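Engineer: Sequence:
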Amino acid sequence: MRTGRHARGRSEEPPARQREWEPRARALDAVEPAWTVFYGVWSRRYFAIATWRANEPILVDARDPGELRSLMREAERTDIGKSAPFVAV
Numbered sequence: 001m002r003t004g005r006h007a008r009g010r011s012e013e014p015p016a017r018q019r020e021w022e023p024r025a026r027a028l029d030a031v032e033p034a035w036t037v038f039y040g041v042w043s044r045r046y047f048a049i050a051t052w053r054a055n056e057p058i059l060v061d062a063r064d065p066g067e068l069r070s071l072m073r074e075a076e077r078t079d080i081g082k083s084a085p086f087v088a089v
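Under UniProt numbering, the first residue of the sequence shown is numbered 1, with each subsequent residue one higher.
If you are wondering where the hints come from, they were derived from the structure by calculation, not from laboratory data.
Mixed in with the good hints, there may be bad ones.
Simulated DEER-style distance windows between Cβ atoms [said to hold, decoys possible]:
no. : residue 1 : residue 2 : range
1   : Trp42     : Ile80     : 14 to 22 angstroms
2   : Glu67     : Trp42     : 32 to 40 angstroms
3   : Thr78     : Glu20     : 25 to 33 angstroms
4   : Arg19     : Glu67     : 17 to 25 angstroms
5   : Pro23     : Glu56     : 27 to 35 angstroms
6   : Glu22     : Ile80     : 29 to 37 angstroms
7   : Arg73     : Gly40     : 15 to 23 angstroms
8   : Glu56     : Glu20     : 31 to 39 angstroms
All figures in this text were calculated on a predicted structure; none of them were measured in a lab.
Glycine residues also receive a C-beta, built at the ideal position from the N, C-alpha and C atoms.
Take these sequences, add in the hints, and give me the full structure.
Structural biologist: Here is the structure:
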């Protein structure tokens, strides 16, 4: 009598799909030490959170990494002089 659904040594899980957005978010996160960058799967948007000490949290989001990077530069220019300076660790 067989009680399980799976044959020994075989997995019923389909292979994982390649996700093009994940490497793009990781690459941008790697070159932006003053930001934490990630991709929102449900929203299908890229997000960046400033990691420096700011008077209030700084969060930007965009449809693609290029647009996100532009918004990050704009946020940095806007915040200059208002918060404590970023010091890389």
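Engineer: Can the suggested window of 14 to 22 angstroms be confirmed for the beta-carbon pair tryptophan 42 and isoleucine 80?
Structural biologist: The hinted range 14 to 22 angstroms is violated for tryptophan 42 and isoleucine 80, with Cβ atoms some 33 angstroms apart.
Engineer: Between threonine 78 and glutamate 20, does the C-beta distance stay in 25 to 33 angstroms?
Structural biologist: holds, 31 angstroms
Engineer: Is 31 to 39 angstroms respected by the C-beta to C-beta distance linking glutamate 56 and glutamate 20?
Structural biologist: Between glutamate 56 and glutamate 20, where Cβ atoms are some 33 angstroms apart, the hint holds.
Engineer: With 27 to 35 angstroms as the target window, see if proline 23 and glutamate 56 comply at their CB atoms.
Structural biologist: holds, 31 angstroms
Engineer: Could you tell me whether the CB distance from arginine 19 to glutamate 67 stays inside 17 to 25 angstroms?
Structural biologist: Taking Cβ atoms as reference, arginine 19 and glutamate 67 lie about 19 angstroms apart, which means the hint holds.
Engineer: The hint says 32 to 40 angstroms between glutamate 67 and tryptophan 42; measuring C-beta to C-beta, is that right?
Structural biologist: Violated - the Cβ-Cβ distance for glutamate 67 and tryptophan 42, about 19 angstroms, lies outside 32 to 40 angstroms.
Engineer: Is 15 to 23 angstroms a correct range for the gap between the Cβ atoms of arginine 73 and glycine 40?
Structural biologist: Holds, at about 21 angstroms.
Engineer: So does glutamate 22 sit 29 to 37 angstroms from isoleucine 80, Cβ to Cβ?
Structural biologist: Once the Cβ atoms are compared, 32 angstroms apart, the range 29 to 37 angstroms for isoleucine 80 and glutamate 22 holds.
When the structure is compared with the earlier hints, violations turn up for hints 1 and 2 and for no others.
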